[in-house]
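**Q** With chain A's structure known, arrange chain B on it following the hints.
Number of protein chains: 2
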Amino acid sequence: MSHTIAIDCMGGDHGPSVTVPAALAFLRRHPDACVVLVGQESLIRPLLASFPADISRRCTLRHASQVVAMDEGPALALRNKKDSSMRVAIDLVKEGEAQACVSAGNTGALMAISRFVLKMLPGIDRPAICTVLPTMTGHVHMLDLGANVDCEAEHLRQFGIMGAMLAAAVDHLERPRVGLLNIGEEDIKGNEVVKRAAELLKDSGLNFVGNVEGDGIYKGDADVVVCDGFVGNVALKTSEGLAQMLSTFLKQEFGRNPLTKLAALAALPVLRRFKARVDHRVYNGASLLGLRGVSVKSHGSADAYAFEQAITRAYEAASNNVLERIAAKLAELQSQQQVVEESV
Amino acid sequence: MSHTIAIDCMGGDHGPSVTVPAALAFLRRHPDACVVLVGQESLIRPLLASFPADISRRCTLRHASQVVAMDEGPALALRNKKDSSMRVAIDLVKEGEAQACVSAGNTGALMAISRFVLKMLPGIDRPAICTVLPTMTGHVHMLDLGANVDCEAEHLRQFGIMGAMLAAAVDHLERPRVGLLNIGEEDIKGNEVVKRAAELLKDSGLNFVGNVEGDGIYKGDADVVVCDGFVGNVALKTSEGLAQMLSTFLKQEFGRNPLTKLAALAALPVLRRFKARVDHRVYNGASLLGLRGVSVKSHGSADAYAFEQAITRAYEAASNNVLERIAAKLAELQSQQQVVEESV
Numbered sequence: 105m106s107h108t109i110a111i112d113c114m115g116g117d118h119g120p121s122v123t124v125p126a127a128l129a130f131l132r133r134h135p136d137a138c139v140v141l142v143g144q145e146s147l148i149r150p151l152l153a154s155f156p157a158d159i160s161r162r163c164t165l166r167h168a169s170q171v172v173a174m175d176e177g178p179a180l181a182l183r184n185k186k187d188s189s190m191r192v193a194i195d196l197v198k199e200g201e202a203q204a205c206v207s208a209g210n211t212g213a214l215m216a217i218s219r220f221v222l223k224m225l226p227g228i229d230r231p232a233i234c235t236v237l238p239t240m241t242g243h244v245h246m247l248d249l250g251a252n253v254d255c256e257a258e259h260l261r262q263f264g265i266m267g268a269m270l271a272a273a274v275d276h277l278e279r280p281r282v283g284l285l286n287i288g289e290e291d292i293k294g295n296e297v298v299k300r301a302a303e304l305l306k307d308s309g310l311n312f313v314g315n316v317e318g319d320g321i322y323k324g325d326a327d328v329v330v331c332d333g334f335v336g337n338v339a340l341k342t343s344e345g346l347a348q349m350l351s352t353f354l355k356q357e358f359g360r361n362p363l364t365k366l367a368a369l370a371a372l373p374v375l376r377r378f379k380a381r382v383d384h385r386v387y388n389g390a391s392l393l394g395l396r397g398v399s400v401k402s403h404g405s406a407d408a409y410a411f412e413q414a415i416t417r418a419y420e421a422a423s424n425n426v427l428e429r430i431a432a433k434l435a436e437l438q439s440q441q442q443v444v445e446e447s448v
Numbered sequence: 105m106s107h108t109i110a111i112d113c114m115g116g117d118h119g120p121s122v123t124v125p126a127a128l129a130f131l132r133r134h135p136d137a138c139v140v141l142v143g144q145e146s147l148i149r150p151l152l153a154s155f156p157a158d159i160s161r162r163c164t165l166r167h168a169s170q171v172v173a174m175d176e177g178p179a180l181a182l183r184n185k186k187d188s189s190m191r192v193a194i195d196l197v198k199e200g201e202a203q204a205c206v207s208a209g210n211t212g213a214l215m216a217i218s219r220f221v222l223k224m225l226p227g228i229d230r231p232a233i234c235t236v237l238p239t240m241t242g243h244v245h246m247l248d249l250g251a252n253v254d255c256e257a258e259h260l261r262q263f264g265i266m267g268a269m270l271a272a273a274v275d276h277l278e279r280p281r282v283g284l285l286n287i288g289e290e291d292i293k294g295n296e297v298v299k300r301a302a303e304l305l306k307d308s309g310l311n312f313v314g315n316v317e318g319d320g321i322y323k324g325d326a327d328v329v330v331c332d333g334f335v336g337n338v339a340l341k342t343s344e345g346l347a348q349m350l351s352t353f354l355k356q357e358f359g360r361n362p363l364t365k366l367a368a369l370a371a372l373p374v375l376r377r378f379k380a381r382v383d384h385r386v387y388n389g390a391s392l393l394g395l396r397g398v399s400v401k402s403h404g405s406a407d408a409y410a411f412e413q414a415i416t417r418a419y420e421a422a423s424n425n426v427l428e429r430i431a432a433k434l435a436e437l438q439s440q441q442q443v444v445e446e447s448v
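Those sequence lines, one after another, are chains A and B. Residue numbers 105 to 448, in our numbering, belong to the letters of the first sequence in order. Residue numbers 105 to 448, in our numbering, belong to the letters of the second sequence in order.
Be a bit skeptical, because a hint or two may be false.
Since the list can't tell identical chains apart, any single copy or any two copies may satisfy a pair.
For lysine-lysine, the following DSBU-like pairs were computed, each having C-alpha atoms within a straight-line distance of at most 30 Å [what the hints assert, rightly or not]:
1. 365 to 355
2. 299 to 433
3. 323 to 433
4. 433 to 198
5. 293 to 186
Calculated directly from the structure, the hints in this document are not laboratory data. All of these numbers come straight from a predicted model, not from anything done at the bench.
Chain A with its partners taken away, still in its complex shape (with noise of 0.2 Å):
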């Protein structure tokens, strides 16, 4: 089957410039997939005049008159901006016209109106933000980033299922292992909020591997990391925060003299396959999860190729199932509760 995203054109710092061919991108390399572009048609349509006709032909314009500034209120944006491109992509995942849409768009409003228009799954109390992080030995998905700042133990496990289910579905990983993130490797350690959530995920039926420390994330202790949305925002802000400052330094030290140059001119090429590794680029695109359907949130700062990476993953959760997954799991562990709570 194959899958159509819809693409919000006019979210992030460079609106069509840059969504409009990472969409070109995202469909050379998916010869399956089709887009629907959502924004003023008189900004879209010239780009696509250079698009191959193959290309073309999986390509839809969308025309919205109406844009969510970056800086808007979410409460406004919900009421006020109802042909905007962020609200039209997302409808069209509603009206199942397209099975999963990105914006890179002010993450508040993208969240408000998702959750509005989509609805929440049964079982889920709030929706959770979750990205990719490169680790050690692979990468990790961390949830929640920001959405919730003050989490009860229950979020803390729904997050697991969520995320675990993500996981499963994307990486093709049979039981995912699931972490907590704690200040200590001991049950003892840790709020109240943890440690409760920690006996909740120990009876969830996932593979729940224990607490995680923070530099867990890192060494790859589990695919899945869970926390509350304080606690993962200041930890991927804290990460970008000092890889922007070694990445400094190290141009400043490079940069030092003419010697020091040259030193560099010697070691450019694998400086960049070192960059390459840890391009953030390729980490693009946070999903909403717990919603009705497939939203995936990219930096507003993204280039092409970032936006294309935030298209793929929006892709990658619609083609392999992430929402029936995480549903058919919610069901199973509610039977699995209803029978333990008969048999009481």
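**A** Relative to chain A, chain B alone:
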């Protein structure tokens, strides 16, 4: 006035073979300082033989018959190890024979014993662990890093006061910029505790610069970053994990084949300078703040150079009157509070 540092020579992964040479290096660099080496005499005495006479004069050995194990429960260590090197070192501070103590031993035990022996400063409810991290523009003091897993807003205010007075004293800053770790820069971001803490910090008389995001720690957005111990610990360990991963990847790329190894040779002086700039050993030594005495925790795995930095940190806290500055600020704030209350 000369200052004396009590050193727990038995703590850490390596014991006297690291702590004693570190003490020697410290004394060489600080001709006014004295140390008391605390631990098993039979192990320490032989290492002192090589000390030059002018340094031996500033170095006392104090036998302690017990050692707190790295995995020992804090409560047990407190109850059963009254003649441990850690306990005796802290006792020396309490008795005024030393102005600060340093240990690479188990953090929980050091915190529990320091708190029991030294007691809390009036006006401080909970001690906090504060460390120094490198930034794009210099360095930052960050607290708490794990002493408190469930903080109230008032605790964060107190951490702000302690961190600011530490930065003022050791960095000689008139009005250190105090930031609150949060998941957005706007006032409306974050959980309830953080929002309330921001209000308290605004009214604290400190130079409060508002919310700092994870990446702002390394950008140098503040001189002091305040957070609860769970979040701080995750941010710190996540940073350690990421730095380790990047360093491993860089080594792997430079070690890939004879050509890349040649490039590594050409780049060696640059890579060495880069490494020196972000050498975590330079930042070793976390201060336990809020106590009526200076107690500094070194990484358990510290080598002699790293442990020397922790001794230096303790010495600088003592010689710059960090405790007196924190106590004076607390008294000043308390008297202002009384004036306000009386005038109401």
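**Q** If a hint holds in the structure, say so; if it does not, say that too.
**A** Hints and how they fare:
In this assembly of identical chains, the alpha carbons of residue 365 and residue 355 lie at most 30 Å apart whether taken from the same copy (10 Å) or from different copies (20 Å). Taking the closest pair of Cα atoms, residue 299 and residue 433 come within 30 Å of each other only inside a single copy of the chain (23 Å); across copies the shortest separation is 37 Å, beyond that limit. In this homomeric assembly, residue 323 and residue 433 come within 30 Å of each other (Cα to Cα) only inside a single copy, at 28 Å, whereas the closest approach across copies is 42 Å. In this homomeric assembly, residue 433 and residue 198 come within 30 Å of each other (Cα to Cα) only inside a single copy, at 22 Å, whereas the closest approach across copies is 58 Å.
Proximity of residue 293 and residue 186 under a CA criterion of 30 Å is satisfied inter-copy only: 26 Å between copies versus 47 Å inside one chain copy.
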